[in-house]
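Taken in sequence, the protein lines are chains A and B.
Residue 14 is where the first sequence starts when you use this note's numbering, and the numbers rise one by one after that.
Residue 1243 is where the second sequence starts when you use this note's numbering, and the numbers rise one by one after that.
Be aware that one or more of the hints could be misleading.
What the hints assert, rightly or not - In silico contact screen, one side only, chain B against chain A (beta carbon under 7 angstroms); selected entries:
#, residue
1, E1277
2, V1287
3, L1305
By construction, these hints were calculated from the structure, which means they are not laboratory data.
Owing to the predicted nature of the structure, the values given are computational and were not obtained by experimental measurement.
The C-beta atom is built at its ideal place from N, Cα and C for all residues, glycine as well.
Spelled out, the chains give:
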Amino acid sequence: METESPHRRLTTLLTNTQLARLARTRLGGMRRFTNRSQGEHRSHRSGQSTEFCDYREYSPGDDIRHVDWNIFARLHRPYLKLFLEEERMHVVLLVDASASMRFEKKLPRALQLAAAFGVAALSGAEVLTAAVINDRASGLRRLPPCKGRTSMRRLFDFLEATEPGGDTPLEEGIDALLHEHRGRGVVLVLSDYLTTGDLHRAGNATFSRGLEIFGLQILGPTEIDPDVAGDLRLIDSETAEHLDVSAAAQLMSVYQEHRKAYTRHLGRLCRQRGGRFLAVAADEPLDQVLFDRLRREGWLR
Amino acid sequence: MSFLGFSAIGAAALFSLIVPLVVLYFLKLKRPRLEVPSLMLWRSVLQDNRVNSPFQRFKRNFLLVLQLLLLILLVLAAMQPYWRTDPHNTHRLPIILDTSASMSALAAAGDTSRLEAAKQIARDLIRDLDGHQQIALIACNITARRVVPFTSNKRLLLDALDTITVEHVGSDLTEALRMARAMARAEPFNRILLLSDGNIPSRIDFDLPFHLEYQRVKPAGGNLGIGTVNAHRTRSGKWSLFVRLFASTDTPRTGTLALIRNGVTGPEENVVVSARNSPRLVFEVPGDAAAKIELRLTPDGFDAMACDNVAFLALAPMRRVRALVDPALPAFHHALSSIDQIDVLNKADPKSSVPLDLAVVGAGTEAPEAAVTLHVGSIPVDLEAAIKRHDASSLAVDWRRDAPLLDHVNFADLSIATGVVYLPGKQEADLENLRYEVLVYGRHGPLLLQRFEGSKQRFYLLFDSDQSTLPYRVGFPVMVSNLARIAMYAAGLLEVTGSRTHVLPRVPLLPGVTYQVHGPGGYRRQVTADRKGIAAGVPAPRVGRYALTMGGDDKANLGVSLLRPFETQLTTVDQITFTEVKVNVTAQRRLINKPLWPWLAAIAIVVLLVEWWLFHRGSKVAGTR
Chain A
14 METESPHRRL TTLLTNTQLA RLARTRLGGM RRFTNRSQGE HRSHRSGQST EFCDYREYSP
74 GDDIRHVDWN IFARLHRPYL KLFLEEERMH VVLLVDASAS MRFEKKLPRA LQLAAAFGVA
134 ALSGAEVLTA AVINDRASGL RRLPPCKGRT SMRRLFDFLE ATEPGGDTPL EEGIDALLHE
194 HRGRGVVLVL SDYLTTGDLH RAGNATFSRG LEIFGLQILG PTEIDPDVAG DLRLIDSETA
254 EHLDVSAAAQ LMSVYQEHRK AYTRHLGRLC RQRGGRFLAV AADEPLDQVL FDRLRREGWL
314 R
Chain B
1243 MSFLGFSAIG AAALFSLIVP LVVLYFLKLK RPRLEVPSLM LWRSVLQDNR VNSPFQRFKR
1303 NFLLVLQLLL LILLVLAAMQ PYWRTDPHNT HRLPIILDTS ASMSALAAAG DTSRLEAAKQ
1363 IARDLIRDLD GHQQIALIAC NITARRVVPF TSNKRLLLDA LDTITVEHVG SDLTEALRMA
1423 RAMARAEPFN RILLLSDGNI PSRIDFDLPF HLEYQRVKPA GGNLGIGTVN AHRTRSGKWS
1483 LFVRLFASTD TPRTGTLALI RNGVTGPEEN VVVSARNSPR LVFEVPGDAA AKIELRLTPD
1543 GFDAMACDNV AFLALAPMRR VRALVDPALP AFHHALSSID QIDVLNKADP KSSVPLDLAV
1603 VGAGTEAPEA AVTLHVGSIP VDLEAAIKRH DASSLAVDWR RDAPLLDHVN FADLSIATGV
1663 VYLPGKQEAD LENLRYEVLV YGRHGPLLLQ RFEGSKQRFY LLFDSDQSTL PYRVGFPVMV
1723 SNLARIAMYA AGLLEVTGSR THVLPRVPLL PGVTYQVHGP GGYRRQVTAD RKGIAAGVPA
1783 PRVGRYALTM GGDDKANLGV SLLRPFETQL TTVDQITFTE VKVNVTAQRR LINKPLWPWL
1843 AAIAIVVLLV EWWLFHRGSK VAGTR
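Isolated chain A (complex conformation) (with noise of 0.2 angstroms):
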């Protein structure tokens, strides 16, 4: 896949093969969370569609022309005629492009699978929103609401043109997204949710905003396993602020008590909302997560 010459690709993130493969796939909503334009997905409610759901008794001013003719003339009583709704779903990219978010490579495997679930949302006819989370000065940068898959040039045309750096927060990100930010569906959020910030609050208002969080954590390797011993000065890549750390090879196994600790506790907070949540390392195989483990999860059908 990698050998495709660069000219011929519709994009830098994906390869054309992991395109058509991902045309063919759609995101797997745990809820329903859509909303009332024409979509897709089934909605609880009766609708326009031509597929037959059900009856129920007329009531004074229903539309009559849903009035189902034959069942009047048989049983003399007005029954009408429901039909399935489908509606559309909004689907939101939030890529996490702070500072912390340049090492080993986390930001481009971030912007890849953003793009994926992109293509995944622009081929099934979602509303695609994407915001990229870089200074608090700037604010979010974000591609407008688009739909179906002409869109996918300006799509990968925004991801590609992410540059990593800032200090923005996550959850002020979110905040930030929230704000602005109109209809229902589904929340992708790529970060490495390296923050002291409050989660809780930012998880509960994706929530109330009828958004289904999709929590996806890219860690780097050391990250994952980091490789150190003796003083270190340690320096925040956002903050600038430092740590001091004597002995750092005897502190890994408490650093890995506490990642895998965090990485359960976001776990916790996205299914706690109704969301799902998912750690990657930014060294795995891209076609491992995606047409592996993402499906296996169910975040791709």
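For chain A, the structure is supplied; the task is to place chain B on it using the hints.
Same frame as chain A, but now just chain B:
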């Protein structure tokens, strides 16, 4: 009392290096910077670690602590600290190692000998020597040998220690202590260490000028061995061979004793021996021919010592004693003629190859070569400056009743017409200086003298027996009979005792000829017979047969055995009584201070490794990009 001391206290000045170390540490304290995506996880890790670690503040500068610890350990090691196990700060310590036969005993099958255990104690002491302490090694059994003089050279001491081996002889500390006393005159010391199994005499006639530390190694296991071997002539012309066995334990031990005569195994006896029951076994051996007897004991089960399981005895063929009596002494002729098994000759046969066993010669008669000679009525030439004849009558006032010649002889009321007197200024000591021993004391001078000349024995009856009442005394034939027994004993015709280790018995050989001596365990040396043809003083440190050869031909073959019941019984003493003091055995404790610097150096290496592991192992600061 302080338990810790330092041999090189001046090295404490190196502690001043702590100041530059601390200064340099803080000057150099620039930690490698590592940019990480976020400090979030690290903060929680450190927070958790601080809560759970009571020494977190201490750990903040853990590297400095490790470096300070390393410096302190190295400086302490340089100060050569020692654990004060020796309250006397011994500077020189002679070590006497018992190398007697009992030190070859084992505690159990497969164990090392008692000497090896003693050597291990000495080895530990030598290894702990500091540069200012000296040790001398003295190997001691019947005799003593200075193995190495005072030195602090550990290699020299350890090599010398390895050369010390057990000799199959008894124990006597006297000579070793004398040697130590002589060493103390040149290089003073106040303590001496004796390493032994305790199988040493409990009473030693010696004035201890220093403190003796008597340390005993672990006792040996049970032992069974041959203690004494001798043979007596029977009236029937045979030899009765008496063997006595000894054991070291009260528990009865069993074994088999075999008699091998001229290489042919004879009768075997099953024996049961305990420390309380030492059986004596008797074997009959024909006396018609010379016989080389070997007794071999095979104990059942474990036996601590092997060297006492074999004994040798050489038996001469039976013959009559040849005695020459001066015809001028008819009383002696008559008395000797009445004794069985003696041929009394009036004149020596110069053609006879059989030497005389006994000669009784009067004054003015040349004495022939004989093993035992009695001179009657003559004063030895070398005593003419000390004693002389005195024409006054004399009496015997005292006599040596323990002398074999005077056994059951009473000289009371003996009248002598012509006595002997000391010349002015002379006394018995002057005779003793000339190797004469007075057996009978007269009123004014000696009456009977004894002198040993090599293997020969001479008696001098200084008065004329015909001018005394001696021939008419009841004691006269008894004395002549004793003389005959002495001659028979000297000729090996009355009683033969097994030769013991230490020195080979005298061997008659060709005068002035040098012989090769081959012994057990690769023993080799040369010996030259003296002008009388006697090879004497040949050391025989181990049990076994020694061959004296010349040009490859065996000229003599002698077997020597341990035959020391005290060694076989492995008797140990808890207390040694000297002339003025008593020395008790002490628990094994160190007489040399225990040096601690090797431990400090080892800990310093561990600290260095810990520092490397914690701070330098990943010096590439992995995780950097």
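Grab the minimum C-beta distance from L1305 of chain B to chain A and call the hint holds if it beats 7 angstroms, violated otherwise. holds, 6 angstroms
Holds or violated: the hint that E1277 of chain B contacts chain A, with Cβ atoms closer than 7 angstroms. holds, 4 angstroms
Does V1287 of chain B hold up as a contact with chain A if the rule is Cβ-Cβ below 7 angstroms? Constraint on V1287 of chain B satisfied, holds at 5 angstroms.
Violation of the numbered hints given earlier is absent; every hint is satisfied by the structure.
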